[in-house]
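Those sequence lines, one after another, are chains A and B. Using the working numbering, the letters of the first sequence correspond one by one to residues 1 to 668. Using the working numbering, the letters of the second sequence correspond one by one to residues 1 to 422.
Keep in mind that the hints are not guaranteed to be accurate.
Below, computed lysine-lysine pairings styled on DSSO-like, alpha-carbon distance capped at 30 angstroms [unchecked claim]:
| no. | chain 1 | residue 1 | chain 2 | residue 2 |
| --- | --- | --- | --- | --- |
| 1 | B | Lys97 | A | Lys24 |
| 2 | B | Lys82 | A | Lys27 |
| 3 | A | Lys37 | B | Lys152 |
| 4 | B | Lys54 | A | Lys37 |
| 5 | B | Lys106 | A | Lys609 |
| 6 | B | Lys218 | A | Lys609 |
| 7 | B | Lys58 | A | Lys27 |
| 8 | A | Lys609 | B | Lys152 |
| 9 | A | Lys440 | A | Lys79 |
Hints listed in this document are in silico derivations from the structure and should not be mistaken for laboratory results.
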Amino acid sequence: MKRLIVFLMFALLTFFYCTLDFPKDPKAPKWDIEIEKIPLLKADTLRLGDQLNPKDFTRNGADSIISIDIHDETQFDLKDNLKAPAQHKSFSDQLGGIKVNVTQSVETEIGFTEIYPELSSLLGTNAVVPETQITPVEKGLEFADFESMVVKSGGVTLELTNQLGFTLEGDVKLDLIDEGRGNNLILTVNLERVENGQTATHYVDLSGKIISNQLKVILYGTLNGSNGQEVEILINSALLVKIIPENIVVNEATARLPKQDFDLSGSADVNLDSLRIRQAKIESGFINLKIFNDFDFGIDLKISTQNILDNNNNQMSQTISITDHSEKEITFILDNTTIDLDNKNLNFDVEMTISPESDRMYSIKSTDSLTIEIDVSEIRFESVTGDFDLGTQFPEIHETIFEDAPEELENFVFHDVILTVGFINSPFDFKLDVNITAMKDGIIKKLPIVTSLSQNDSLLLSRDGINNNHSTPTIVDLINMLPQEIKIDGDVRVKGENVTFSKNDQIGVRYGIDFPLIFSTSEAAFSHADSLKIETGMRDFLKDNTMSAGISLSIENGLPISGALSLLVGPDSTNISSNILTINLPKPTLINGVVTTPGATTINIELDKPRFLVIANANFYQFDVSIDDISEAAITATNYLVIHDVFISGSFLFDPAGMSGENNGGNN
Amino acid sequence: MKIKIILILQLMFCLSFEMYAQSGASLGIGGFTAESRGVEAVFWNPANLAFVEKGQPKFQATLFSLAAGIGNNSFSFNSLNKYIGDGESIYLTEKDKEDILQRISKHGLKFDVVGKVSLLSFSVKNFGFGIEAKGYGDFSIPKDVYRNILFKLGHETYDYSVKGHGFGLTKFKLSYGKTFLEDVIFEAPLLRNTIFRGISAGISLSYLLGTGFAEIEKGSAQLAISENGILPMVNYRAKIASMGSGLGMDIGFGAYTDSNWKIGMVFENVLARINWNRDTKMAKYAADFGNDPLFILGDGQLSEIDMDEVSTDTTLSLGSFSKSLPFNFRMGLAKDFGKYLVNFELANENHKFASSLGGRIKFGFFNWYASLGYLMDNVNWNTAFSLDFKYFYFDLGISSRGGLTLGTSKALFLGTSMRFGF
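With the sequences and hints as input, model every part of the structure.
Listed below in structure tokens is the structure:
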């Protein structure tokens, strides 16, 4: 019996010992696990001064107001303005007084018998010559060197030589008459007394007179005779009359002309109202002269450019010979030459030498002129010293301000913006006629600026207008439209007297946009909604595994703004109304917009199972942010936001099977 | 008297445990430090080579002797099965979680595996020779890991350090035992009426051939959570080698009395050092999270940490290195009543304190062994039988940790041996 009991016990033991009950579909267990005040986030001080890129923002001191500063430079030149336009001009210079080749004198004699026709028998005898009333005796005189002259200066000398044999005395007159001009009396000479054998001279000034070469003299009056004395009366007894030309310069003549020089001149004006040149270095250009010789004789010309100096600082000159009634051209290449105008015209000196044929008579007038056509090409200057009043295009400035301005800033009104434009390295004064254009999504707002700036002045745009003139609108109005881009374009006039400027010189434009972060807000609120992308596994986790959770945090707000942030979720985009949490950013104490005492609070966010279910079933979320109204807030580098003591607590269902995806179809 | 006996039994039971035995019988009785004779003394206590039992063959040779087992210290199949759902997860109540946590030893969840083989061992008179191949490994995971996973993570410092080591070893052992005192009475309390028929000492010298070594020298993983943040720390360092050699020495003492008390005491691996010199490597893994506490979210914080960036995982080749085998101590006390034998063992083996209380009943050539042991925070049920035909011997034993059935057992060990003699 004992052995049977032992055997049965052994058999039972063996049976239980060897039996294992395996589950067919083994599943790991699941259970709740708690976490309690696990540090979620490190205490973090968000100090604006540390966050802002120094390249984008400027702060003058630790507590100073931060500003967005855009400073840059651009430049422009006057290369295309340092030039004189091409021009065509002609000039002619009159010859003025003309020397004529009238040097040959003419003479005649009035014989004794012509005075005393009744005493012809006395010739060759000694006799007393009685007083007589002279029957006018005419004697012609003809010049061979000219046909007619309009005398500008000079005259003739009238010589009377007494070869009558007795003293010419009485009331005797000699008229000099231009027979070729209708017996026009030129002069009457009183022959009061001329001893026998003596010559009496009389100078006849012909200035202003017109004479021909056909002259005559008429002797008339009362001749006393020999005053009762017996005198020898020679056979050739006569009165000699001689006319000798003296330095006759004519205004007009038909005469023989001597070789003579004329100094003529001409000019071209390369100055403009916008650019009056005193001195300039010419980069390129030329002057072409076309000379017309309308004279009946050939001419030799030496043309000098009075104001243009070549590389050796010498005047440029060219000579040319032109036959009668023909034309020729000469060209002055101005490349690399200098001109010294001293605000005058570009002058040409023309030395003209005429070489008439000696045996030919020419009709010429003092008003006859030499005609020269001048073609001046466009002259480009390397540098100019002169008076500038040039208009040119202001170099276009584009600056990105808010490339993608967040809509959250729409209810922010910035209080001030300072835009400065100044010129550097410039000897000029300026007149600006520009537009400052703010552009945002096709919307354009313009601020026209017309102002003059002296050499060292800058354009200053601020909330106080243009250079504090309190004009409106202001640059602040433009900035508050949160433009994507600011453009400055237009024209600029550069002005300066006796200024030297080269084509390679640049006028620098220094500009800056200083944007101090001082603003006010009014009913500033914004929302952001989007689809809520939660993996199916996480949704299941929220539904099944999350029991409760809480986050506690402490906030110290040293920013000049305060407000509230709410997170809402909903099943579709038109129904996002379930509030999950709201965080209030505590309000700081501000004086003049600057934080003096930060706001502080502790926030506890409790999420219970129903809220997790709402989140798990939500397809959309929305952040509602509202900013408290602020009349003035100023951002400084020391502004900060401290979040500390952030802990998460909660209770979760730990489901290894669910985590491994055994209970669902995987993530979507 | 009964109370004293009960108290003594309770004390012995509390201290009782199972050792990694060498044969089926030793597995069943819990240890042979006092009782082993002949070739079995080569393994258990060389001093016992000096004693020859009546009828014991002068020459004994073990054809084979082996013991092997695997298990853990916390969970049986049934205890795990209780919380494994069939088709659907089981929700653990607070009570369930408490139950699970309670099952895990305060030393953590520990897995161990052992295997021992002895071949061609023999004994002649006072001498013995044995070849023993042994493999051992254990690995433990701290209890805190399970506490945190099951209950709560809060402001506390958690130590998740892991431990583990393993080695393979073959001993070529030459043993000798000699009686140096006979018929001695010690004038000591309780012993005045006892005649020690023989007191012996023994020594085993071994050539140690290491066949594999791995040890987590440092397996530190800590997590400190406080208001200041989270400070994790991971530092792992392990040595491995494939071959080594060395010498070992065991010293044993034995005695038996005129009233059939048998006493044994062994200091194993008094000198035992293996010079590991082949494929020696140092594997290091460390994660440096810095000295500043971390947080879950935020720049550079836990959620963003790329473990590849903060961790270093290197394997360095090493030169030879020496490792001492763990110093083991065993003491056995047995009372032989002829048909019955009661045996008590106390040991510190592989750095683990262990004890067992067992006995043997003899039915002619059939011997049945049973004992209770205590190892790795668990009670072990051991039983075995042997067939002892004087010149031929065979035994087979089994040990179960925790429970008596497969479902309630946390670990199973088997042992068997066969020997002959003449």
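Outcome of the hint check:
The suggested pairing of Lys97(B) with Lys24(A) holds, with an alpha-carbon distance near 24 angstroms, which does not exceed 30 angstroms. Pair hint Lys82(B) plus Lys27(A) holds up; C-alpha atoms about 11 angstroms apart against a cutoff of 30 angstroms. At roughly 11 angstroms between alpha-carbon atoms, Lys37(A) and Lys152(B) fall within 30 angstroms of each other, so this suggested pair holds. With a CA separation close to 73 angstroms, the supplied pair Lys54(B) and Lys37(A) exceeds the 30 angstroms bound.
At roughly 36 angstroms between alpha-carbon atoms, Lys106(B) and Lys609(A) are farther apart than 30 angstroms, so this suggested pair is violated. With a C-alpha separation of about 43 angstroms, the suggested pairing of Lys218(B) with Lys609(A) is violated against the 30 angstroms cut-off. At most 30 angstroms may separate the alpha-carbon atoms for a hinted pair to count; Lys58(B) and Lys27(A) exceed this at roughly 59 angstroms. A hinted pair counts as satisfied when its Cα atoms are at most 30 angstroms apart, and Lys609(A) with Lys152(B) qualifies at roughly 19 angstroms.
Between Lys440(A) and Lys79(A), the direct Cα distance comes to roughly 35 angstroms. Violation of the 30 angstroms bound is thereby established for this hinted pair.
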